[in-house]
Amino acid sequence: MLRRSEAIVLRTTPFSEADLIVTTLTLDYGMIKAFAKSPRKTRSRFGSSLEPLTYSKLAFWGREDANLPRLTQSDIIKPFQAIRDRMDCFFRVTEMVELTLNLLPEREAHRDIFHLFLSILDMIEGDSPEDDSSVLTVLLYKIRFLDMVGYGPRLEGCARCGKSGYNFYISHGSIICGLCAKGMDAPMRLSPGVIKSYDTLRRWDIAKIGRIKLSRMILSELSGMLDTHIQYTAAKPMRTKVVQS
Amino acid sequence: MTLGIIENLINELTRLPGIGRKTAQRLAFFILTMPEDEAKAIAKAISEVKERARFCSQCFNITDAEVCEICRDEQRDKKKICVVEEPSNILVIERARFFNGLYHVLLGSLSPIDGITPEKLKIDELVHRVQANGVDEVIIATNPNTKGEITAQYIRECFNGHPVKVTRIAYGLPMGSDIEFADEVTLSKALEGRRQM
Ligand SMILES: [Zn+2]
Ligand SMILES: [Zn+2]
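Chains as they are written, first to last, in this note's numbering: chain P, 1 to 245; chain V, 1 to 197.
Take the hints with a grain of salt, since some may be wrong.
[As the list claims (entries may be wrong)] Simulated restraints, written as ranges between beta carbons of each label pair:
{"hint": "1", "chain 1": "V", "residue 1": "G20", "chain 2": "P", "residue 2": "W204", "range": "45 to 55 Å"}
{"hint": "2", "chain 1": "V", "residue 1": "H162", "chain 2": "P", "residue 2": "R63", "range": "29 to 39 Å"}
{"hint": "3", "chain 1": "V", "residue 1": "I93", "chain 2": "P", "residue 2": "T13", "range": "24 to 34 Å"}
{"hint": "4", "chain 1": "V", "residue 1": "T33", "chain 2": "P", "residue 2": "Y151", "range": "24 to 34 Å"}
{"hint": "5", "chain 1": "P", "residue 1": "D28", "chain 2": "V", "residue 2": "M34", "range": "47 to 57 Å"}
{"hint": "6", "chain 1": "P", "residue 1": "M184", "chain 2": "V", "residue 2": "E7", "range": "51 to 61 Å"}
{"hint": "7", "chain 1": "V", "residue 1": "F99", "chain 2": "P", "residue 2": "A234", "range": "21 to 31 Å"}
Quick caveat, the hints were computed from the structure, so don't treat them as lab data.
No residue lacks a Cβ here, since even glycine has one placed at the ideal position from N, Cα and C.
Build out the structure end to end from the sequences listed, making use of the hints.
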């Protein structure tokens, strides 16, 4: 059966001499791994269309339950080359890719996640190198993505009694108030600014996110909390984090 | 029992990249009918490679000595280093007979998502080599794909503030192809890298 969908390339893995296994986030079928014959050859008809982050129209062949459907066509809608041309930006975006690969189940359509991913790429590509807000934009993706897959940390109040507080417990993915936390390990202490910014990033219309300016301190505190939460949730370290530090 | 032996060979051959069960069967039965000395020569070549092949201590090319033939060659321009991802890339560039400098093999390309971080590649060794030998040009010939390109950018940054000239092989359309079949990225890169005639 031939299926078509808009898709974003997340990751490519070389396979035998000139082939690729391509992991894509498709609009209609969710995250799918597919096999592409010979794209690494100089004269492949795939050209550059299977490079990571490329937004394209894909056609793939294989039964619905086929282990590895075969890519038959890929027409670029938007290459997002500008992101790949800027190493720092690209590394940041690979954090989004890694998070998605780790926490999104394969073959489950999530149109909201697809659209989110695409909007974020658009926002990052639109930044000028002098005014690079990709740190914030990637953070926004992480927050929204976690919410969409149901792994978001709970910061709006104590997980047990609902009372507001600032002590975040990684093992519970939540704020727990002093009374309810009796006998538990040491928490991560969050500042009120972080809790407020998190809430804003979660709820604001994405089109207005450009207006949000977070201080360097809030940004790094919030990123730190979120990345720790992500590593705990995914039960493995974030590989893409290492390069940038 | 005979089938057990041939089955074993088939299984071993399927370990090779690009060799499926069918090809392995064909190869195995071909080997079976080969003259004994020819078949043994293959086996010997394989075991020799495994026993003697190692990386050149300077450029990380494959060699059977401490320093590879290219690094030892007095005729070559030691002020130019061409950086490639894999030893097999050297063979291809050598075949083009255009470059007469030395090489440096990174043994991979940057891909954090696959756990390939800069320290897993021979990048520090490159920087050290360039500084220690007064090299005046580093030509980055990593693959023209995302991993190769990011690796090139990373290496470029490593030489910031260093007098060496860092160049990147040009992006272009494959010779013998038709412009009509080029995709937009390839085409825009080719335009970006145009030169005066
Ligand atoms: Zn409580
Ligand atoms: Zn050498």
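Consistency of the hints with the structure:
A C-beta distance of roughly 53 Å is found between G20(V) and W204(P), which places it inside the suggested range of 45 to 55 Å. For the pair H162(V) and R63(P), the beta carbons lie near 55 Å from each other, so the given range of 29 to 39 Å is not met. Checking the proposed 24 to 34 Å range against I93(V) and T13(P) shows it holds: the Cβ atoms sit about 25 Å from each other. Between T33(V) and Y151(P) the Cβ separation comes to about 59 Å, which falls outside the hinted range of 24 to 34 Å.
Separation of D28(P) from M34(V) is about 52 Å and conforms to the stated range, judged on CB atoms against 47 to 57 Å. Between M184(P) and E7(V) the CB atoms are about 59 Å apart, so this pair conforms to the stated range of 51 to 61 Å. For the pair F99(V) and A234(P), the supplied restraint of 21 to 31 Å is violated, since their beta-carbon distance comes to about 45 Å.
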